[in-house]
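**Q** Sequence:
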Amino acid sequence: MTTTLSPPSTQLPPSTHEFAEVIHRLEVGGSMLPDTPENLMQIIGIYKAYAVPMDFYWRDLLYIGEQVFLNPLPAFKYFISQEYLDRPNHYAGDTADLRIWRGTAKAHPELLAFMEKGESNSRLPRLLHHLGHDRINMEFAEACMRAMLWHRRMYAPVNKFDAYLDTDDYKSNADRAIRAYFKGNPVMLGLYKLFPEMFIEQVRQLSYYANLGLFWEVMAPVFFEMSDLYDEGKMTTVPEAMDFLVNGIFAIAGRPIYHHAYINGECYEIIPKSKGFMWLYEAALPYVEDIFYRTSPFRGTKS
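Under my numbering, the final residue of the sequence shown carries the number 303; numbering is consecutive throughout.
Hints in this document: simulated from the structure, not taken from any laboratory. It is possible that some hints are incorrect.
[As the list claims (entries may be wrong)] Keeping only pairs whose Cα atoms sit at most 16 Å apart, straight-line, the calculated EDC-like set for lysine to aspartate or glutamate is: (1) LYS77 - ASP166; (2) LYS106 - GLU83; (3) LYS117 - ASP134; (4) LYS275 - GLU142; (5) LYS275 - ASP134.
Please build the complete structure, drawing on both the sequences and the hints.
**A** So this is what it looks like as structure tokens:
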């Protein structure tokens with residue numbers, strides 16, 4: 001004998017929550033913002049406005065992690081070299097590993113124009129632009145990096161990059177780079193002998209410079225391409241924008257995350273590519289968790 005279940009006789013009343021419309025839209029797989037032309041314009045505008053300085057962020061973060069390295073007085077760390085401005089983005093240009101943006105692989109033209117004249121629209125020496133804060137706000141990029149360093153051990157054990165920073169293998173690689181960088185400098189080598197963990201911790205921070213730089217190297221061309229598609233009338237809805245963003249992210253999910261330092265013309269692989277650390281698990285997910293959800297620590301809680 002089978003028993004037929006009758007539907008419940010009572011129904012829940014309509015939700016009176018102030019964000020009921022948003023909740024219901026998300027539950028059925030929709031976007032957080034309603035699909036309207038104005039919302040799409042704002043989304044693309046924010047991404048484009050973010051992408052231009054981001055094109056500087058990723059280049060300068062790698063420049064600091066690879067070239068400035070352990071300079072005890074890095075007064076000119078924001079004065080990125082021409083080599084890094086011309087450094088081809090791996091996801092733009094004709095030489096791209098996977099071409100996401102159809103534009104140039106070098107620094108974005110709008111970025112170069114801003115670096116030349118700034119908001120003051122004047123051709124002043126670069127140092128005067130810097131001292132007057134008429135420049136890209138690299139302090140923001142460093143604050144994001146330090147937040148990732150502060151909130152370590154995100155997504156363990158999937159995030160193997162962070163755990164590797166505490167291994168003997170990493171410390172050995174860092175030790176070789178430190179000794180090479182301060183070769184012929186008995187004062188700094190003496191300080192390293194007295195306070196080895198302090199120097200290793202500085203190298204860990206530089207590894208996060210590289211991590212975040214490699215993360216943003218991907219996001220900048222994704223945002224640039226979305227902006228171009230919108231301007232061309234080929235991206236007309238919010239779902240189209242979100243689909244492009246998600247597809248772009250997963251297309252490069254496996255890009256290597258590594259840290260190399262270049263000292264006297266020699267490359268020191270502090271975190272080799274062969275370790276197999278990946279963009280999605282070791283950079284993207286920790287970034288979203290640390291920056292968007294946990295944010296930076298309050299001033300005074302870190303040295």
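**Q** Against this structure, judge whether each hint is valid.
**A** How the hints compare with the structure:
Annotation: proposed proximity of LYS77 to ASP166 is violated, straight-line Cα distance about 26 Å (limit 16 Å). For the given pair, LYS106 sits about 10 Å from GLU83 by alpha-carbon distance, which is consistent with the 16 Å threshold. Restraint check for LYS117 and ASP134: the C-alpha separation of about 9 Å stays at or below 16 Å, so the hint holds. Straight-line distance between C-alpha atoms of LYS275 and GLU142 comes to about 25 Å, which puts the hinted pair past the 16 Å bound.
Between LYS275 and ASP134 the CA atoms are separated by roughly 40 Å; this puts the pair beyond 16 Å, and the hint is violated.
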